[in-house]
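**Q** Read off the chains here:
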Amino acid sequence: MLSSLHKQLLNNYQQDFPLSPTPYLDIAEQLGVTEDEVLAAFQVLSEQQMISRIGPVIAPNKVGSSALVAMAVPEVELPRVAEQISRYSEVNHNYERENRFNLWFVLIANDERHLQAVIEDIEQQTGFNAMLLPMLADYYINLGFELNLND
Amino acid sequence: MDVLDYQLLATVQQGLPIAARPYAAIAERLAISEQEVLERLANLKHQGLIKRWGVVVKHRQLGYRANAMIVMDVPDHQVADIGQQISQSSTVNLCYQRPRQGEAWPYNLYCMIHGKSRETVLEQWATLREACGLTNFAWEILFSRRCFKQRGALYRQPELAARHG
Chain A
1 MLSSLHKQLL NNYQQDFPLS PTPYLDIAEQ LGVTEDEVLA AFQVLSEQQM
51 ISRIGPVIAP NKVGSSALVA MAVPEVELPR VAEQISRYSE VNHNYERENR
101 FNLWFVLIAN DERHLQAVIE DIEQQTGFNA MLLPMLADYY INLGFELNLN
151 D
Chain B
1 MDVLDYQLLA TVQQGLPIAA RPYAAIAERL AISEQEVLER LANLKHQGLI
51 KRWGVVVKHR QLGYRANAMI VMDVPDHQVA DIGQQISQSS TVNLCYQRPR
101 QGEAWPYNLY CMIHGKSRET VLEQWATLRE ACGLTNFAWE ILFSRRCFKQ
151 RGALYRQPEL AARHG
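Taken in sequence, the protein lines are chains A and B. In this text, residue positions in the first sequence follow the numbering used here: the first is 1, and each later residue adds one. In this text, residue positions in the second sequence follow the numbering used here: the first is 1, and each later residue adds one.
Among the hints, a few may not be true.
[Claimed, not checked] Below 27 Å or equal to it, Euclidean Cα-Cα: the simulated DSSO-like pairs (lysine-lysine) are: (1) A:K7 with B:K116; (2) B:K116 with B:K149; (3) B:K51 with A:K7; (4) A:K7 with B:K45; (5) B:K149 with B:K58; (6) A:K7 with B:K58; (7) B:K116 with A:K62; (8) A:K62 with B:K58; (9) B:K51 with B:K149; (10) A:K62 with B:K149; (11) B:K45 with B:K116; (12) B:K45 with B:K58; (13) A:K62 with B:K51; (14) B:K58 with B:K116.
[As the list claims (entries may be wrong)] Examples of chain B residues toward chain A, derived with CB under 8 Å: (15) K51; (16) V56; (17) M69; (18) G83; (19) W105; (20) F148.
[What the hints assert, rightly or not] Covered stretches of chain A, going by a simulated chain B footprint (3 or more residues, C-beta under 8 Å): (21) 14-26; (22) 46-59; (23) 92-101; (24) 115-129.
In short, the hints are calculated from the structure, not lab data. No residue lacks a Cβ here, since even glycine has one placed at the ideal position from N, Cα and C.
With the hints as constraints, model all of the structure from the sequences given.
**A** Shown next as structure tokens:
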């Protein structure tokens, strides 16, 4: 069960985590608890894998070149192909989705040329075509994820 | 961005240490001052390269097990308006325009809904469709099944940046 401190840490610091020498102390002061309590609570959230990290979310395509990629892979081949793709250091999210295009992953490369080279390599290695879906516009402004942790 | 910015991003991508002086720990790894780490991060954020700086939650672990990507085919001249309208909804997490891929994949607008159950997500999508006047457009909803890999993006320093600083 999450305490109210855990919930506050999860919900209130996705966007503007303090950029000061003592961020955890700043948070403690904002929430009226001690720095040790904040550190311990973040430790728990991290150990229980409720947060993946405290860090940056980088704007797509502002640094390097990225694209969403989709593939249509027969069910029996999916574990092999997914594993081959996950091995690339340029791949981050790699998901199976319910669709005729059933494998979806995000590729991040240094530049356009690198991106194309990785795609060609993936197609050759897996034997399946890759559908490249780069971002053209990002409409989402309300950053962070509002969690309903009350039920 | 210079070489040090790339190194800094690569380091903080692994996560800020959970310790009293986390930025000092990062600074030590890069052999620069704590003050410089803070200034550079603030600058990268100000430039919009860092879209947000903070806690990155794991939806699945927090009970948000239904993750749907919704793709829509909307008229090109309306895509920006509809995209902005959809993004206002508190149920939507991401909203991107992407290029159509002919008849095989005619969709140009993508959004993401994370919900606690499949039913909730379907209800939220139905509400959103109604509210944003999307009932006449073709769409598909793609729930996620297995997650094969998930981690923060890894950014390397491009050769050009390394050469020219």
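**Q** Could you work out which earlier hints the structure fails to respect and list their numbers in ascending sequence?
**A** 7, 11 and 24
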